[in-house]
Amino acid sequence: MHAPEKPIKVGLFVTCLVDMFRPSIGFATIKLLENAGCKVSVPEAQTCCGQPAFNSGDKKSTQDIARQTIQAFDGYEYVVGPSGSCIGMLHHYTELFDESDPWKARAEDLKKRAFEITSFLTDVLDFNTILSKYDAKATYHDSCAGLRELGVKQQPRKLLAKVANLTLNEMEESETCCGFGGTFCVKYPDISNRMVENKTSNIVDSGATTLLGGDLGCLLNMAGKLKRQGHKIETRHIVEVLAGMTDEPAIGDADYELGQPA
Amino acid sequence: MQITSPAFKENARIALHDAGLQKALGNLKEGFPVKRSTAVARMPEFEQLRDEGTALKNHILENLDIYLEQFEANVIKNGGHVHWCRTPEDACKKILDICEEVDAKTVTKGKSMVSEEINLNDYLEKNGVEPIETDLGEYILQLRGDHPSHIIAPAIHLNLEDVSEIFHEKHKRPKSSDPKVLMQEAREMLREKFAGADVGITGANFLVAETGSTIIVTNEGNGDLTQTLPKTHIVVTSIEKVVPTLEDMTLFLRLLARSATGQEFTVYNTLSTGPRRAGDQDGPENFHVVLVDNGRSEMVGSEFQEMLRCIRCSACMNHCPVYGAIGGHSYGWVYPGPMGSVLTPKMIGIEEAGLLPNASTFCGKCESVCPVRIPLPKLMRHWREDEFSKHLSPKAVRWGIGGWAFFAKRPTLYRLLSISSNLFLRVMAGKKGHIKKIPLAGGWTDGRDMPAPRGKTFMSQYKSRKQR
Ligand code: SF4
Numbered sequence: 001m002h003a004p005e006k007p008i009k010v011g012l013f014v015t016c017l018v019d020m021f022r023p024s025i026g027f028a029t030i031k032l033l034e035n036a037g038c039k040v041s042v043p044e045a046q047t048c049c050g051q052p053a054f055n056s057g058d059k060k061s062t063q064d065i066a067r068q069t070i071q072a073f074d075g076y077e078y079v080v081g082p083s084g085s086c087i088g089m090l091h092h093y094t095e096l097f098d099e100s101d102p103w104k105a106r107a108e109d110l111k112k113r114a115f116e117i118t119s120f121l122t123d124v125l126d127f128n129t130i131l132s133k134y135d136a137k138a139t140y141h142d143s144c145a146g147l148r149e150l151g152v153k154q155q156p157r158k159l160l161a162k163v164a165n166l167t168l169n170e171m172e173e174s175e176t177c178c179g180f181g182g183t184f185c186v187k188y189p190d191i192s193n194r195m196v197e198n199k200t201s202n203i204v205d206s207g208a209t210t211l212l213g214g215d216l217g218c219l220l221n222m223a224g225k226l227k228r229q230g231h232k233i234e235t236r237h238i239v240e241v242l243a244g245m246t247d248e249p250a251i252g253d254a255d256y257e258l259g260q261p262a
Numbered sequence: 001m002q003i004t005s006p007a008f009k010e011n012a013r014i015a016l017h018d019a020g021l022q023k024a025l026g027n028l029k030e031g032f033p034v035k036r037s038t039a040v041a042r043m044p045e046f047e048q049l050r051d052e053g054t055a056l057k058n059h060i061l062e063n064l065d066i067y068l069e070q071f072e073a074n075v076i077k078n079g080g081h082v083h084w085c086r087t088p089e090d091a092c093k094k095i096l097d098i099c100e101e102v103d104a105k106t107v108t109k110g111k112s113m114v115s116e117e118i119n120l121n122d123y124l125e126k127n128g129v130e131p132i133e134t135d136l137g138e139y140i141l142q143l144r145g146d147h148p149s150h151i152i153a154p155a156i157h158l159n160l161e162d163v164s165e166i167f168h169e170k171h172k173r174p175k176s177s178d179p180k181v182l183m184q185e186a187r188e189m190l191r192e193k194f195a196g197a198d199v200g201i202t203g204a205n206f207l208v209a210e211t212g213s214t215i216i217v218t219n220e221g222n223g224d225l226t227q228t229l230p231k232t233h234i235v236v237t238s239i240e241k242v243v244p245t246l247e248d249m250t251l252f253l254r255l256l257a258r259s260a261t262g263q264e265f266t267v268y269n270t271l272s273t274g275p276r277r278a279g280d281q282d283g284p285e286n287f288h289v290v291l292v293d294n295g296r297s298e299m300v301g302s303e304f305q306e307m308l309r310c311i312r313c314s315a316c317m318n319h320c321p322v323y324g325a326i327g328g329h330s331y332g333w334v335y336p337g338p339m340g341s342v343l344t345p346k347m348i349g350i351e352e353a354g355l356l357p358n359a360s361t362f363c364g365k366c367e368s369v370c371p372v373r374i375p376l377p378k379l380m381r382h383w384r385e386d387e388f389s390k391h392l393s394p395k396a397v398r399w400g401i402g403g404w405a406f407f408a409k410r411p412t413l414y415r416l417l418s419i420s421s422n423l424f425l426r427v428m429a430g431k432k433g434h435i436k437k438i439p440l441a442g443g444w445t446d447g448r449d450m451p452a453p454r455g456k457t458f459m460s461q462y463k464s465r466k467q468r
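Going down the list, the sequences are from chains A and B.
Residue numbering for the first sequence follows this note's numbering, starting at 1 and increasing by one per position.
Residue numbering for the second sequence follows this note's numbering, starting at 1 and increasing by one per position.
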């Protein structure tokens with residue numbers, strides 16, 4: 001554990017989806033990092049991690065975005081983001097440059113510093129003073145990139161175990177893809193739709209009242225399906241619960257004061 | 001086999017609504033993955049075995065020419081023949097020549113995906129030689145005029161009812177839906193064929209360089225009869241199957257059985273080492289190995305080399321959520337699932353097969369179970385790069401990505417784009433919190449709602465909080 005008197009300099013990688021859809025995830029991430037003794041900044045020059053270009057085969061645009069991101073996060077001890085997928089993409093930057101390219105070494109350096117939030121709190125800081133309380137039977141979806149590229153599996157569960165009043169009902173096939181897959185969900189909507197249907201039926205069968213996860217893309221997909229099917233299950237990003245910032249209506253829910261079902 | 005890969009999306013849509021297929025796919029999901037994980041759990045050193053298998057395959061691929069020549073020399077020493085065939089046509093022609101030399105009318109066949117790859121059955125039939133599939137699954141498919149939808153369980157897309165139906169129709173026997181009765185019926189039908197066949201054709205799981213042997217593994221034993229009863233045995237296989245020694249072969253057999261069916265070892269492991277020798281009780285008089293290249297040697301030294309490690313275990317498709325949703329036929333050619341999405345573009349062209357490497361969420365499940373650690377998502381991405389650089393990706397994708405990247409490379413403009421998209425979606429949602437229909441985004445909203453953004457963008461909020 002790092003000594004609290006010397007704050008760790010962390011650059012927050014917001015992720016484009018959090019920026020656009022759910023800023024509270026960004027603020028919850030900052031709160032958790034600050035509670036853990038970090039000094040958090042949000043570099044202005046960041047946009048998206050570049051994954052849409054990378055996975056569409058547009059290597060040149062991906063390289064441009066990678067260089068921009070590497071530069072934006074120069075000088076931070078750590079780069080932390082609320083998404084296994086986007087942080088996984090930051091790790092992929094190393095594959096974009098040849099050995100002879102000076103950007104290769106910089107990408108390697110970024111890879112060493114870039115962490116998904118639950119993994120950073122647990123694996124790097126060994127932080128577990130979670131003081132929040134949340135009344136729910138929750139179930140946790142293991143998003144693919146976090147799970148298989150970054151080894152995020154026990155970290156969120158360890159942290160959730162500290163949340164008062166929360167019980168975890170594991171669903172069947174929690175490690176199976178929800179069918180989001182970035183551009184996949186619009187390029188192959190029929191297949192994507194079947195995959196998310198399988199996922200929501202496992203979520204419903206778990207008996208959980210809340211669905212939690214660590215990647216907003218997957219959460220938007222699953223919440224969107226749960227809504228369309230008329231289920232009353234709340235969907236939230238794990239950091240909202242860990243930081244005690246659950247006043248905000250859940251993903252896809254209306255404002256409470258409208259008297260709509262939450 | 002007719003190629004329908006360009007119609008992948010349509011194939012998939014039909015498959016998703018095919019009740020029989022969906023039932024069969026449900027059984028697959030309950031079957032292979034569970035068996036594999038049980039087998040892996042019983043073997044603590046499995047991960048180490050995977051590393052060894054991966055390293056050994058890499059070594060073989062670095063020295064492929066040497067091991068293939070050693071294999072050839074030993075086959076010849078044992079009294080057999082080796083035929084090098086660059087294209088599927090070369091291979092079909094060679095096999096027909098051998099059949100004609102011995103004046104063959106019927107050939108029995110063990111399961112071989114390479115023979116599917118070169119479309120051998122059609123070719124033989126057209127030239128007056130009747131091929132008879134002896135693997136139960138393949139036999140059922142042949143009766144139906146159907147094709148494999150899986151590389152080790154070719155008829156996995158069928159249910160018991162389908163088998164009962166076709167047997168009744170073709171065997172002219174009373175209809176039964178007892179698997180034991182059906183099995184017995186198939187056996188009786190095939191026994192006759194085995195006895196009358198002039199040539200037996202099998203595939204090979206591995207080729208052993210040090211002994212010049214080929215091996216096939218089956219759970220039915222049909223391979224043994226196919227290769228020992230007829231006078232001529234032809235092994236049709238591909239160049240990447242060679243391994244240096246028998247010892248090395250056993251490493252892959254252990255990986256293969258566990259990854260494929262969750263068995264410790266496959267039931268029948270049949271080695272063929274040349275034709276019958278003086279004093280042998282049985283065995284063929286002639287022994288031929290037809291080595292098919294079909295694009296493989298081009299993959300050596302390319303970004304796709306790692307794909308040649310594949311031992312055709314099928315774990316990648318058994319665990320693939322896309323394969324599990326749509327089945328193997330949707331992929332439109334011989335090799336389905338993740339391994340097929342890498343191989344098919346190489347073999348039939350990216351122009352025909354471009355939709356396959358795109359049909360993945362890159363969830364990585366395939367790579368996580370592949371016994372020889374093939375980075376399947378990375379290889380599929382290479383195909384996407386190839387498509388993009390050749391301007392083959394659909395215009396909507398190119399323009400969409402191009403337009404988006406323009407903004408993503410300019411943080412100030414990007415802020416404006418996210419602010420306006422955020423606002424647009426919030427206006428669309430009104431006070432509901434989610435949106436039922438978004439113009440031009442039917443791909444999303446046909447099946448699910450779109451959760452609305454909560455408040456202004458993070459960057460705007462962060463800025464105003466800091467200024468406060
Ligand atoms: S790619 Fe790997 S998992 Fe798939 S069939 Fe080949 S060896 Fe098996």
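Each hint should be verified, as a subset may be incorrect.
Facing chain B, a subset of chain A residues (Cβ under 7 angstroms, in silico) [stated by the list, open to error]:
id, residue
1, 19
2, 37
3, 39
4, 40
5, 43
6, 47
7, 56
8, 58
9, 127
10, 130
11, 151
12, 168
13, 189
14, 191
15, 223
16, 252
Source of the hints: derived by calculation from the structure; they are not laboratory data.
Remember, it's a predicted structure, so these values are computed and weren't measured experimentally.
In this text, a Cβ means the ideal position worked out from N, Cα and C, and glycines have one as well.
Could you check the structure against the hints above and give me the numbers of any it violates, in ascending order? Failing hints, ascending: 2, 3, 4, 5, 9, 10, 11, 12.
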